[in-house]
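Under the numbering used here, the first residue of the sequence shown is numbered 5, with each subsequent residue one higher.
Be aware that one or more of the hints could be misleading.
Straight-line alpha carbon distances no greater than 25 Å define the calculated PhoX-like cross-link-like pairs of lysine-lysine that follow [as the list claims (entries may be wrong)]:
1. Lys163 with Lys202
2. Lys40 with Lys155
3. Lys202 with Lys155
Label pairs and their computed distance ranges (CB to CB) [as the list claims (entries may be wrong)]:
4. His187 with Gln114: 36 to 44 Å
5. His102 with His187: 32 to 40 Å
6. Thr226 with Asn10: 23 to 31 Å
7. Thr226 with Glu91: 49 to 57 Å
To be clear, the hints were calculated from the coordinates, so they are not data collected in a lab. Cβ coordinates follow ideal geometry from the N, Cα and C atoms, glycine included.
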Amino acid sequence: MSIQTNQDLLLQGNRHPGVLPLSLNTTDQLPVVRGKEIQRCSLHGFHAGLSDAFVQLAAGAHIQVALVSQTRFEQLATSTGDHQTLEVIHRSNSANLHPQRFEELSALIQAQLMGGGQEDLVEVAVLEALSPHQLQGTASGELGVGAGLMKDLVAWGFKNTGQAITLNDLSATIFASRSSIVHHCLQSFSTGPMALLKQIRLSQVHHAPSSPEVQQTIGSNTVHEIACHYGFQSRNHFARDNRNQFGESPSATLQRASAPGMSVQSVSVAQSPQMAMALR
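Full structure from sequences and hints, please.
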């Protein structure tokens, strides 16, 4: 798949077991993977031992992602005797590739995106690119203290979107000091923790009108009912917050969601780009 952003995007959630997501960044907007900025000509996200994803993309970013069967990849590496590459995917989550290998792999993934049926060639190219003698360096993908704290904060926000909480309560819930939460949140997202949690709740409200499954789960189908479910009791305050984040009124969101052949998309506010949230 291919992901292009016109606003900051945070991807957080569980990875599908048995699948290695191979991600390439094709622009100067470098992604931050598990709290660490990834360098140019890097492949990331492939650690065979990780069960979750935590990636930040800046506005203007473009990444290509190929999903490869871990079993098939390991069988290919074993059959060719490339055991060192197996060690790479079991201890690392990102690798700085030789520029030529990076371009070759990017072209193959692009061909696959265009329906070229290049799955086997992608696997072989990745195997060659991750050979230790080809690599310019690797990173483990281990979460630092700050990144781990932010991952816990975001995960709590998605699981408790209807629950109001104070900074003191949040500190006790995720076992971190108020100052540490505020510091790392500002450093990672350029906003405070309470504002971040509100953005998560707004993103849930924004998504619900286009998802009958979500509406059925929460038992709400009007914008007001959905907003109340996610903790927005005041119509005026919700309408203001929704417009600030998505650049449109709640009714416009609902109209576009119900229009035939149309889908809901997050709308950036040009003078104040906001963060979009996605679960993967």
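Here is how each hint holds up against the structure:
1. Lys163 with Lys202: holds (13 Å)
2. Lys40 with Lys155: OK: lysine 40 and lysine 155 at ~13 Å, within 25 Å.
3. Lys202 with Lys155: Holds, because 16 Å separates the two Cα atoms, which is no more than 25 Å.
4. His187 with Gln114: 36 to 44 Å: holds (40 Å)
5. His102 with His187: 32 to 40 Å: holds (38 Å)
6. Thr226 with Asn10: 23 to 31 Å: holds (29 Å)
7. Thr226 with Glu91: 49 to 57 Å: Cβ of threonine 226 to Cβ of glutamate 91: about 55 Å, so the range 49 to 57 Å holds.
Hint compliance for this structure: no hint is broken.
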